[in-house]
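Undergrad: All chains, please: the whole structure from these sequences, using the hints.
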Amino acid sequence: MLFVYLSNITRTTGSAVQKRAHNRKHMSRVSILEGCKLELNINSDKAQMMKQYIYGIIILFGIHVAQGHPKLKMIDLTHTLSPSTVYWPGNPLYNFTTLLRGIIQPYGFWYESNFFGTPEHGGTHLDAPSHFALGGWRLHQIPMDKLAGPGVVINVKDKVINDSDYMVNVDDLKSWESKYGRIPNGAVILMNSGWSMRYPNKTLVFGSSTPNDTSSFHFPGFHTDAVSWLVRHRSVNMIGVDTPSTDYGQSKNFTTHQIMAKNSVPGLENVANLDMIPEDGSAWVYAAVIKVFDGSGGPARVFATVEARSSESSKLEL
67 MLFVYLSNIT RTTGSAVQKR AHNRKHMSRV SILEGCKLEL NINSDKAQMM KQYIYGIIIL
127 FGIHVAQGHP KLKMIDLTHT LSPSTVYWPG NPLYNFTTLL RGIIQPYGFW YESNFFGTPE
187 HGGTHLDAPS HFALGGWRLH QIPMDKLAGP GVVINVKDKV INDSDYMVNV DDLKSWESKY
247 GRIPNGAVIL MNSGWSMRYP NKTLVFGSST PNDTSSFHFP GFHTDAVSWL VRHRSVNMIG
307 VDTPSTDYGQ SKNFTTHQIM AKNSVPGLEN VANLDMIPED GSAWVYAAVI KVFDGSGGPA
367 RVFATVEARS SESSKLEL
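According to the working numbering, the sequence shown is numbered sequentially starting from 67.
Derived by calculation from the structure, the hints in this document are not laboratory data. Each hint should be verified, as a subset may be incorrect.
Below are the DSSO-like pairs computed for lysine-lysine, each with C-alpha atoms no more than 27 Å apart in a straight line [to be verified]:
1. Lys318 to Lys245
2. Lys225 to Lys318
3. Lys137 to Lys212
4. Lys245 to Lys139
5. Lys139 to Lys357
6. Lys212 to Lys357
7. Lys318 to Lys328
8. Lys240 to Lys225
9. Lys225 to Lys268
10. Lys318 to Lys268
11. Lys223 to Lys357
12. Lys137 to Lys268
13. Lys328 to Lys212
14. Lys223 to Lys139
15. Lys212 to Lys139
16. Lys223 to Lys240
17. Lys223 to Lys245
18. Lys225 to Lys245
19. Lys240 to Lys212
Each pair of labels, with its calculated beta carbon distance range [to be verified]:
20. Ile169 to Asn228: 54 to 62 Å
21. Asn228 to Glu178: 45 to 53 Å
22. Ser301 to Gly174: 50 to 58 Å
23. Asn278 to Arg367: 38 to 46 Å
24. Ser179 to Ser348: 20 to 28 Å
25. Asp291 to Arg167: 46 to 54 Å
26. Asp224 to Ser150: 37 to 45 Å
27. Val372 to Ser301: 20 to 28 Å
28. Arg367 to Asn319: 25 to 33 Å
29. Asn251 to Ile169: 53 to 61 Å
Cβ atoms here follow ideal geometry from the backbone N, Cα and C, with glycine treated the same way.
TA: Structural data, given as structure tokens:
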């Protein structure tokens with residue numbers, strides 16, 4: 067019936083508008099939510115149909131609102147950049163210097179300014195393809211639409227308990243699909259090994275009592291077969307881990323990095339709080355990386371949005 071009213075309205079725009087201007091005393095007001103007023107001329111049959119149509123729309127809208135409307139919950143997936151930030155051995159450490167903090171006299175206002183310096187690859191950060199591929203995108207060249215996507219969380223926490231060198235494999239990916247369906251296009255694939263709980267303890271993060279010796283590292287990552295399967299058979303925007311590297315700790319040639327870089331897939335490392343987002347791809351994951359000219363990587367504010375339902379219903383007045 068609503069579509070019938072709509073078709074009648076579209077055929078009678080002129081006269082209804084004119085009559086509405088001349089018959090103010092016969093006007094009825096409909097309050098839509100808060101403060102939105104719509105005046106209807108009820109002096110003619112056509113206007114009456116318009117009124118009924120609008121009432122129908124309002125009622126349907128009211129039912130939808132009463133059921134709750136979607137709201138986005140923001141979830142931080144980033145370790146704070148600080149003096150305790152974990153870097154790969156051989157990199158300089160984080161440098162934060164206060165330039166000025168104080169009251170500016172004689173004007174009496176507060177002013178604060180600082181300097182910070184950091185290697186590209188440390189803490190929660192993004193690897194640009196140029197990190198491991200000649201001619202690959204540098205940081206400022208990565209298209210924006212590659213820096214976000216549905217978060218597909220591969221939970222391997224149980225598997226790493228007795229195997230700190232565990233690598234996410236094709237079976238893990240297919241197991242996710244058997245539970246949640248095909249990996250969506252543009253996905254951000256994230257390994258959740260529970261490793262972020264160890265951060266920023268270097269001994270625990272690198273899985274070694276000698277965290278300056280890369281040959282002693284033991285932590286989970288992605289198997290090259292899994293990454294190859296993803297780039298060949300699925301469309302993914304990024305691949306990330308909650309450990310220091312997308313390659314597992316004992317890797318010597320970083321093949322996973324190489325495959326990702328050659329296929330223009332940025333990597334995320336040291337991602338935090340993955341237990342706080344759903345595993346099923348319903349969260350949207352973003353990597354707000356610093357746009358550094360010619361950079362091979364950089365610190366990123368990685369976060370997710372999750373749809374929540376409002377428990378409050380909006381009031382509707384008729």
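Undergrad: Hinted pair, alpha-carbon criterion (27 Å max): Lys318, Lys328. Please report holds or violated.
TA: 18 Å, holds
Undergrad: Would the pair Lys318 and Lys245 pass a check requiring their Cα atoms to be no farther apart than 27 Å?
TA: Violated, at roughly 34 Å.
Undergrad: Does Lys357 lie within 27 Å of Lys223 when you go C-alpha to C-alpha?
TA: 33 Å, violated
Undergrad: Quick one, are Lys212 and Lys357 close enough, alpha carbons at most 27 Å?
TA: Cα-Cα ~14 Å, so holds.
Undergrad: Has the given pair, Lys245 with Lys139, been kept, meaning a C-alpha gap of at most 27 Å?
TA: 24 Å, holds
Undergrad: If you check the beta carbons of Val372 and Ser301, does the distance land in 20 to 28 Å?
TA: Since the Cβ atoms of Val372 and Ser301 sit about 22 Å apart, the hinted range of 20 to 28 Å holds.
Undergrad: Please verify whether Lys225 and Lys318 have alpha carbons no more than 27 Å apart.
TA: Holds. Lys225 to Lys318 sits at ~22 Å (cutoff 27 Å).
Undergrad: Within 27 Å, alpha carbon to alpha carbon, are Lys225 and Lys268?
TA: Holds: Lys225 and Lys268 sit about 22 Å apart, inside 27 Å.
Undergrad: Against the range 45 to 53 Å, how does the distance between the Cβ atoms of Asn228 and Glu178 compare: consistent or not?
TA: At 49 Å between Cβs, range holds.
Undergrad: Taken at face value, is the distance from the CA of Lys357 to the CA of Lys139 at most 27 Å?
TA: Given that 27 Å is the threshold and the Cα spacing comes to 26 Å, the pair holds.
Undergrad: Run the distance test for Lys137 versus Lys212: straight-line Cα separation, threshold 27 Å.
TA: 24 Å, holds
Undergrad: Check the hint pairing Lys223 with Lys139 against an upper bound of 27 Å on the C-alpha distance.
TA: Holds, at about 25 Å.
The structure shown violates the earlier hints numbered 1, 11, 12, 23, 24, 26.
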